[in-house]
Amino acid sequence: MTRKRLYRQPTVDSGYGMFIVVLFGLLGALNASADQPPERIAWRKVPITISLSVGAERLVSFPETVKVGLPPHLQTSVRVQSIAGTLYLLAREPFDATRVIVSALDDTQIYVLDLSATEADLEDDVEQTSVMIYRPDETEASDVASSNNGLAEYGYVSLTRFAAQQLYAPARLLNPLVGVVRAPITRETVALVRGGAVVAEPLIAWRAGPLHLTAVKVTNQTANPLTLDPRTLRGQWLSATFQHNRLLGSGSEADRTVVYLISDRPFADAF
Numbered sequence: 046m047t048r049k050r051l052y053r054q055p056t057v058d059s060g061y062g063m064f065i066v067v068l069f070g071l072l073g074a075l076n077a078s079a080d081q082p083p084e085r086i087a088w089r090k091v092p093i094t095i096s097l098s099v100g101a102e103r104l105v106s107f108p109e110t111v112k113v114g115l116p117p118h119l120q121t122s123v124r125v126q127s128i129a130g131t132l133y134l135l136a137r138e139p140f141d142a143t144r145v146i147v148s149a150l151d152d153t154q155i156y157v158l159d160l161s162a163t164e165a166d167l168e169d170d171v172e173q174t175s176v177m178i179y180r181p182d183e184t185e186a187s188d189v190a191s192s193n194n195g196l197a198e199y200g201y202v203s204l205t206r207f208a209a210q211q212l213y214a215p216a217r218l219l220n221p222l223v224g225v226v227r228a229p230i231t232r233e234t235v236a237l238v239r240g241g242a243v244v245a246e247p248l249i250a251w252r253a254g255p256l257h258l259t260a261v262k263v264t265n266q267t268a269n270p271l272t273l274d275p276r277t278l279r280g281q282w283l284s285a286t287f288q289h290n291r292l293l294g295s296g297s298e299a300d301r302t303v304v305y306l307i308s309d310r311p312f313a314d315a316f
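So the sequence shown is numbered by the working numbering: it starts at 46 and just counts up by one.
Rather than coming from a laboratory, the hints here were simulated on the basis of the structure. The reader is advised that the hints may include incorrect statements.
Okay, the calculated beta carbon distance ranges per label pair [claimed, not checked]:
1. H118 <-> R310: 45 to 51 Å
2. G100 <-> R276: 33 to 39 Å
3. E164 <-> R232: 49 to 55 Å
4. P181 <-> Q126: 23 to 29 Å
The beta carbon of each residue, even a glycine, is placed where N, CA and C say it ideally should be.
Model the full structure from these sequences, guided by the hints.
Right, dumping it as structure tokens:
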């Protein structure tokens, strides 16, 4: 099976694939979120307890894209994937409560988790409620802004996740966001990434109130593997999230990915 067959988006060339393991993780998240609402936990500078059941994946979402400082002794005990502001946690074996530091990519925000795992009770449903961590100050500001303009407002993480779902999720799992509409985009290659090793092509764009969201395909043009860094992007972006930050050499199945860009103006103007 190739990743190209897993890609689903009628308005986009079906050749834009992704790593199967990450795609399955994303689709699993969509199924879980459809079953029950997430548990909302406010970050008040107090460690947040996250309990896992061995073999059952649990999702923990943050207001921004994050990285995880996993202690060395947990490297083999738990699998951690960070995608568009959501951690996908899967315990492989039981372990005692351990302090885990989660931080924004630019280190401007730090969260503290107390992570533990126990064997799942065979008589209980192993599916675990997802967790949404939020900052109370941002929630209050968002509520005020929404009441002032009467429009639904979404954070960068929500918009990025929406774009990823539109590109890769099955049609039955797609849910529209109120106020998010398609926007015109010119599908011509652009020199988005500095250095000349990558060619970029806008795929699809949306408008969400004052924000503009664009999904751009990036392809490695060299024979060597390449690590992507948002700091090498040209343009004025409020948020830039790569679906994968490492590309294999040109011609391989993993020589391309998608970057989700959020700006306060249309793509052409922000670029």
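Evaluation of the provided hints:
1. For H118 and R310, the hinted distance range of 45 to 51 Å is satisfied, since their beta carbons lie about 47 Å from each other.
2. For G100 and R276, the Cβ-Cβ distance of about 38 Å falls inside the hinted range of 33 to 39 Å, so the restraint holds.
3. Between E164 and R232, the C-beta spacing of about 51 Å keeps the proposed range 49 to 55 Å intact.
4. Distance hint check: the CB atoms of P181 and Q126 are about 27 Å apart, consistent with the given range 23 to 29 Å.
This entry satisfies every hint, going by the numbered hints stated previously.
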